[in-house]
Structure formats: structure tokens, C-alpha cells
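Please work from the sequences and hints to get the whole structure.
At position 32 of the sequence shown (counting the first as 1) the number is 32 in my numbering, and the numbers step up by one without a gap.
These aren't lab readings, by the way, just hints derived from the structure by calculation.
Please note that the accuracy of each hint is not assured.
Said to hold, decoys possible - Here are the simulated lysine to any residue pairs, SDA-like style, with alpha carbons at most 25 Å apart:
1. K86 with R51
2. K86 with Q71
3. K86 with L112
4. K86 with P119
5. K86 with V121
6. K86 with H148
Stated by the list, open to error - Now the in silico label distances, taken between C-beta atoms and shown as ranges:
7. T55 with E129: 31 to 41 Å
8. A114 with V89: 29 to 39 Å
9. E96 with G120: 14 to 24 Å
10. A64 with G130: 32 to 42 Å
Each residue gets a CB set at the ideal place from its N, CA and C atoms; glycine is no exception.
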Amino acid sequence: MGGGDGCYSCGNERRLDALPVRERIGADEHWRVAHAFATALPGWLVLLPRRHVTTIADLTDAEAAGLGTWQVRLSRALHAVTGCRKTYVVQFAEAEGFGHVHFHVVPRMADLPADQRGPGVFRLLGADEGARVGAERMDELAEALAGHLSGQAGQAGR
Numbered sequence: 001m002g003g004g005d006g007c008y009s010c011g012n013e014r015r016l017d018a019l020p021v022r023e024r025i026g027a028d029e030h031w032r033v034a035h036a037f038a039t040a041l042p043g044w045l046v047l048l049p050r051r052h053v054t055t056i057a058d059l060t061d062a063e064a065a066g067l068g069t070w071q072v073r074l075s076r077a078l079h080a081v082t083g084c085r086k087t088y089v090v091q092f093a094e095a096e097g098f099g100h101v102h103f104h105v106v107p108r109m110a111d112l113p114a115d116q117r118g119p120g121v122f123r124l125l126g127a128d129e130g131a132r133v134g135a136e137r138m139d140e141l142a143e144a145l146a147g148h149l150s151g152q153a154g155q156a157g158r
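So this is what it looks like as C-alpha cells:
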């Protein structure tokens, strides 16, 4: 799988087995889940198609069928693991090197300041080095989320 020379997501897909748990929280034939990097918000997830796609309109029917299920499963897992009040789901895929379709699944914590709610949550992405969620914390969250997701596998019709 993968493709798209210069595509960050496809590059990671090609070396999936060597990636830390934060880059492979969950996956199926069509989708992979990673913790966002350069974020100050623990639990900020990214849901990516496993093949190179640059527009939602180019998703296959099978990819589209799994998309909603993944978004709900991730929202449930984030609620259980982080205690978030709700989740935001956003898709742009416009940044240089990140044109590969990806969905941000963002936990909205109860104590999130008003100016960081809704679109303001993007103030927490691209954070300065000292404010970023560290690799160890991302991996801890990834393990907890992966455990929760594996427990949900049989509950898809819930």
C-alpha cells in the first residue's frame, strides 16, 4: 500500500512495522490511526487511508463504508481513555507534504478554554517544542486507545 512520492503518510505506511505504537494505534485493510505530532493536546488522532488519496471523492466504496465506523470507534475510545466531553472531526489535507486525505479526531476536554474550542483547537497543533505532547505520553495513550479499540471490535453494531 502507499504511494505518493514525498507524501509523509505514504512514507510511514511503507515502513509500518518499524513505526512506534503512536503511529499505528489501529488499522484495518483501508485505514490507519496515528497520534498527531507537534500538538499540545494529548489524544489528538489522525485517521488516514492506507493508500494515497488526495480527495474524499476518490475514496472507494469500501473505504467510505469504514470511515464512519472508525470515526465513531475513535470517538468512543477517546471518551473512555481521556474523559473528553466530545470529539471534533475535521478534514483539510492542504499543508505542504500532507495532501494525503486525513481526518483529525480531536478530543475536546471539558476544561478546554473557550478560545481553543471549535476551530480554535487548531491553535494546539504546530505547538512549540516545549509545549508538545512527548513521545512517551503519545505511546502511553496509543497503547490505552489500542486496547480500547480491540475491546470494541466485537461491538460494531452497538
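Self-check item: In rising order, the numbers of the hints this structure does not comply with
Solution: 1, 8
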